[in-house]
Amino acid sequence: MNKSDTLNETGISAPVRRVDAMEKLTGKARYISDYPFEGLLHARLLRSDRPRAKILGIEVPDLPAGYSYVDARDIPAGGRNGIRMITDDWPVFARDEVRFVGETLGLVVGPDREKVLEILSGIRVTYEELEPAFTIEEGLACKGGPIVGDDNLYGTYHLTKGDPEAAFRRAARVVEGTYRTGFQEHLYLEPQGMVGTWEDGKITLYASAQCPFYIRKSVAHTLGIPEPAVRVRQVTTGGAFGGKEHFPDVIATVLSVAVNKIRRPIRLVFERAEDIRFTCKRHPSRVTIRTALDEAGAIIGMDIDTVINAGGYTSSSLIVLQRAILHGIGVYNIPNVHIRGRAVATNTFPSDAFRGFGAPQGLFAIELHMSHLARELGMDPGSFKQKYFIKTGDTTITNTAMKDEIRLNEMFRKVDAMSGYRRKVKAYDDDPLKGIGIAFVNHGCGFTGNGEQEIIKAVAEMERLSDGRAALYVSTVEMGQGLQTVLRKIAARELDCGVDNIVYDNPDTDRVPDSGPTVASRSTMVVGYLVQQCARELKRRWGEGPGTRVRKQYRHPEGLTWDQDTLQGDAYPSYGWGVNVVEVAFDPVTYEVKTTGIWTVYDVGVPMDTRIVTGQAAGGGIQALGYAAMEVCEVVDGRFRQHTLTDYTIPTAMDFPSVACEFVENPYAYGPFGAKGAGELVFDAAAPAYADAVGHLIGRKIHEIPVTPEKIMEVLQDE
Amino acid sequence: MVRAFKPADLTEALRLRKETACVPLAGGTDLMVKYRNWTGLPPAFPGDVLFLSHLKELQTLERRGETLRIGAGVPLADIAAWPETPAVLREAVRGIAAPAIRNVATLAGNVCNASPAGDGICALYALDARLELTSVDGTREVSILAFITGPGRTVLRRDELVTAVLVPRRAANIQVFRKVGTRKANALAKLSFAAVGEVKEGIVDAMALSFGAVGPTVVRSTETEKRMAGKTLAEVTALAPSIVEDYAALIVPIDDQRSTAAYRKTVALNLLKSFLEGLKEKVKGI
Chain A
1 MNKSDTLNET GISAPVRRVD AMEKLTGKAR YISDYPFEGL LHARLLRSDR
51 PRAKILGIEV PDLPAGYSYV DARDIPAGGR NGIRMITDDW PVFARDEVRF
101 VGETLGLVVG PDREKVLEIL SGIRVTYEEL EPAFTIEEGL ACKGGPIVGD
151 DNLYGTYHLT KGDPEAAFRR AARVVEGTYR TGFQEHLYLE PQGMVGTWED
201 GKITLYASAQ CPFYIRKSVA HTLGIPEPAV RVRQVTTGGA FGGKEHFPDV
251 IATVLSVAVN KIRRPIRLVF ERAEDIRFTC KRHPSRVTIR TALDEAGAII
301 GMDIDTVINA GGYTSSSLIV LQRAILHGIG VYNIPNVHIR GRAVATNTFP
351 SDAFRGFGAP QGLFAIELHM SHLARELGMD PGSFKQKYFI KTGDTTITNT
401 AMKDEIRLNE MFRKVDAMSG YRRKVKAYDD DPLKGIGIAF VNHGCGFTGN
451 GEQEIIKAVA EMERLSDGRA ALYVSTVEMG QGLQTVLRKI AARELDCGVD
501 NIVYDNPDTD RVPDSGPTVA SRSTMVVGYL VQQCARELKR RWGEGPGTRV
551 RKQYRHPEGL TWDQDTLQGD AYPSYGWGVN VVEVAFDPVT YEVKTTGIWT
601 VYDVGVPMDT RIVTGQAAGG GIQALGYAAM EVCEVVDGRF RQHTLTDYTI
651 PTAMDFPSVA CEFVENPYAY GPFGAKGAGE LVFDAAAPAY ADAVGHLIGR
701 KIHEIPVTPE KIMEVLQDE
Chain B
720 MVRAFKPADL TEALRLRKET ACVPLAGGTD LMVKYRNWTG LPPAFPGDVL
770 FLSHLKELQT LERRGETLRI GAGVPLADIA AWPETPAVLR EAVRGIAAPA
820 IRNVATLAGN VCNASPAGDG ICALYALDAR LELTSVDGTR EVSILAFITG
870 PGRTVLRRDE LVTAVLVPRR AANIQVFRKV GTRKANALAK LSFAAVGEVK
920 EGIVDAMALS FGAVGPTVVR STETEKRMAG KTLAEVTALA PSIVEDYAAL
970 IVPIDDQRST AAYRKTVALN LLKSFLEGLK EKVKGI
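Quick mapping for you: the protein sequence lines, in order, are chains A and B.
Just so we're aligned: 582 in my numbering is position 582 of the first sequence, and the numbers increase by one with no gaps anywhere.
Each number in my numbering corresponds to the 1-based position in the second sequence with 719 added.
In short, the hints are calculated from the structure, not lab data.
Cβ atoms here follow ideal geometry from the backbone N, Cα and C, with glycine treated the same way.
Among these hints, one or two may not hold up.
[Unchecked claim] In silico negatives: residues of chain A with every beta carbon more than 12 Å from chain B:
#1 29
#2 33
#3 112
#4 125
#5 391
#6 426
#7 428
#8 594
[As the list claims (entries may be wrong)] Capping the alpha-carbon separation at 25 Å, the derived lysine-lysine pairs in PhoX-like fashion look like this:
#9 A/594 / B/903
#10 A/711 / B/984
#11 A/115 / B/999
#12 A/414 / A/434
#13 A/711 / B/903
#14 A/711 / B/992
#15 A/391 / A/403
#16 A/594 / B/992
#17 A/701 / A/426
#18 A/539 / A/426
#19 B/950 / B/903
#20 A/594 / B/753
#21 A/391 / A/457
#22 A/594 / B/1001
#23 B/919 / B/992
#24 B/903 / A/434
#25 A/414 / A/426
#26 B/992 / A/434
#27 B/919 / B/984
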């Protein structure tokens, strides 16, 4: 497939108007709060206000008729007080102990909101307080005694390539740095929300969510009923970013216990401040990297120690940790490496999925460390990093050959032409008011290892409808990223019809097969490929008439191996690749940094719609710059201190310039029309590029984000 | 049950204000946030609410002799657009929140909210603004310095309404406002700095400096300002270290969710120093 065939006006990459654009721009789209339900009841969670305590008693006042208090005693026989995510240690209702502020104790349900609030304020909870641990250091030190096991660790992994011990023994010099990232709030436009009802004899949930089948699995587990006895209907979802991957299970399980008891429609929608205070955030991280250099200053080995703050329960922390360490040496071929990864328990709100899923933390550390090494060795970070780019066939951190065709050199040339990096990085060395930074990243598409094959086993279906259109049946959702448009485009192109001739309703677990969750940069590459196969077969069989239905199941690409116990083999079916350059200017009076340029180049195989992917690059880039520069999220006494839109400051359009974005085409054999994942890749590089730029600007090493003016002042005064 | 009043005119508004323990509401952009409630429920106002923004008597922007009279119901956007508005105030008002908020929020409301981080307030201190307070018994004027007594506290009596913000019209060829916010738009100030002064033939005639969000109320020191009056620009530049020292003693910020005490203090003094050192250039440019 050549460039003119795809990026031109008629190719698959040519932008079309998003199918959901008009309904969202005109306000016609209905979100969960907009749906009317006959006899709707309102609900509010009773939450713990202690970070770590034994629950001595919960005293609920006498309830007026029509009002209910729901707790663990309402879980039916055969059910379990555990939310089935990866494991089920997070209880639906706190057991005898609370592990974080905001842990669910019970649910108050009733017809009048005022009354619900009044009942809630009348409930008396008595605690015996225990000593909490909030930070990674406090967690590792088992402050107050371990929260889990005897070491406070949910899990530890080791990855070893080559012989790092020998490398360190013969090192002429060792360079060490510790890199830290903070919590990040998703701040999807639409807060968490769900309505649970009893419809046609079964629990039915209308959900703002990414993963309808995850919700179904959790609810079935909690109620002790078969999964098909639960129906989950996704409604138009106003953003998610990973925040609606597992957290909706927390709401769905509570709500289902209540619906099972009351058998009326119940709505549970969070207010904004409630959402910021009491939902999962991105895992804070601390990564220490030691690099062994030989006499000539070449890297001969690395030792990396990665810790993520997982909070009060496991959620998906171990999978996040795996991704963090699997991306631990970034886009480089480093000869002898040992990585230790640990997920530590603390008394903060459980951390969970957020765009990038551990990769941003791992990549931040390695990218900044490589920049620091470059400076120590008197080189510019771009040229230094280029020396170590991994090549096709090189050995990965999981001891297999890198199978991707890698275009990093071409991407570096391209971004240099766009940004003037090579010239500016030298010129700004002597300019106290300007800096420029660069970061190279890759992002594994789809589930780790053979997860797509062993865990997800995605299925997609298509059907010829009686009106001549074709229906698409998948469980992956539109959440703002453009999937409704992309999947329709793929099907329409194979069927030689307009995008409007493809029907793709919001998924309903009673009507669609399980094509997996909308996560892990898998929807376009994995589900899109199944859609393409379905469409091809449907086209062949179109003559069979209306009602013809085809079905395709995921098959792992040939020649890939994986051992989940040792994390050895092909860690991902393929990778997206990217480079970001960020340029900054300084106000020495206020220590404020102004970003003056952002240039990005991506290899996402073949973009399925250049406008959509460019939009992802802009959104992901700015979201990452917010993470890097502005979004302070401190924990004080177990509470998030910045919990309003005023104080949790995501960027506005005024804060950063436009993001320039270009692509390098590199078709992937097992993606539709050559596409790979893009949604997370576009988040990964901007934060380390920004920190590198600020470091260049002030002539000091930056080790931690967010790099606020307050921190820059501290670093400068620290001399 | 909370009652909401929509008076026909100012006279009725003043009567209601006297007779009920009502909360005056003009733009409502602070109050609606302060008393927000579960979506679907009315805001949790502690008492009756008195709507004011529709009153014609509060809608005027006028120049009365050497005073600018800004009606208490005039939205910020109109104040920013009024040619008579002093540059320092215009700059401060333009930096408040976002356009939608500026279309309904009022300057009088900004003053009554009495937040030390209020952007409008910092500029009004440097302008020696006064508040026109009206009750059924009459009208009095209070300087902004005397009006605000602490965070969220003012001397407004329970039967009074702020009917206008009064700004003296005076020559000021130095007008500077600088907000250091949590971001570039829709942001609260980590700190702010305003300067209003007149320099004639190289001599400082008058200089007013104020600092927002670095103490319980806006910081202003007429004593230190007097040290600059009558001095040449070169003399003021020479005095800069000692002036900075004066303010260093007065600026006692706190750590909070938006910034640190150390940053606020350092940057407030940096802004002052940079202002004093750049005075010569500023005057040249006039």
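Right, here's what the structure says about each hint:
1. 29: Non-interface label stands for residue 29 of chain A: nearest chain B Cβ at 18 Å, farther than 12 Å.
2. 33: Per Cβ check, residue 33 of chain A is inside 12 Å of chain B; nearest 7 Å; violated.
3. 112: violated, 9 Å
4. 125: holds, 20 Å
5. 391: Consistent with the label, residue 391 of chain A stays out of reach of chain B, its closest Cβ about 42 Å off (over 12 Å).
6. 426: holds, 30 Å
7. 428: Label holds. Min Cβ-Cβ 23 Å, cutoff 12 Å.
8. 594: violated, 9 Å
9. A/594 / B/903: OK: residue 594 of chain A and residue 903 of chain B at ~10 Å, within 25 Å.
10. A/711 / B/984: Holds: residue 711 of chain A and residue 984 of chain B sit about 14 Å apart, inside 25 Å.
11. A/115 / B/999: violated, 65 Å
12. A/414 / A/434: holds, 22 Å
13. A/711 / B/903: holds, 18 Å
14. A/711 / B/992: Holds, because 21 Å separates the two Cα atoms, which is no more than 25 Å.
15. A/391 / A/403: holds, 9 Å
16. A/594 / B/992: holds, 22 Å
17. A/701 / A/426: Satisfied, since the Cα-Cα distance of roughly 17 Å is no more than 25 Å.
18. A/539 / A/426: Distance of about 57 Å is beyond 25 Å: violated.
19. B/950 / B/903: violated, 36 Å
20. A/594 / B/753: It is violated: about 32 Å lies between the C-alpha atoms, which goes past 25 Å.
21. A/391 / A/457: violated, 30 Å
22. A/594 / B/1001: Between residue 594 of chain A and residue 1001 of chain B the Cα gap is close to 24 Å, so the pair holds against 25 Å.
23. B/919 / B/992: holds, 21 Å
24. B/903 / A/434: Given pair residue 903 of chain B, residue 434 of chain A holds - Cα atoms ~19 Å apart, limit 25 Å.
25. A/414 / A/426: Given that 25 Å is the threshold and the Cα spacing comes to 18 Å, the pair holds.
26. B/992 / A/434: It holds: about 22 Å lies between the C-alpha atoms, which stays within 25 Å.
27. B/919 / B/984: The hint is violated at about 31 Å.
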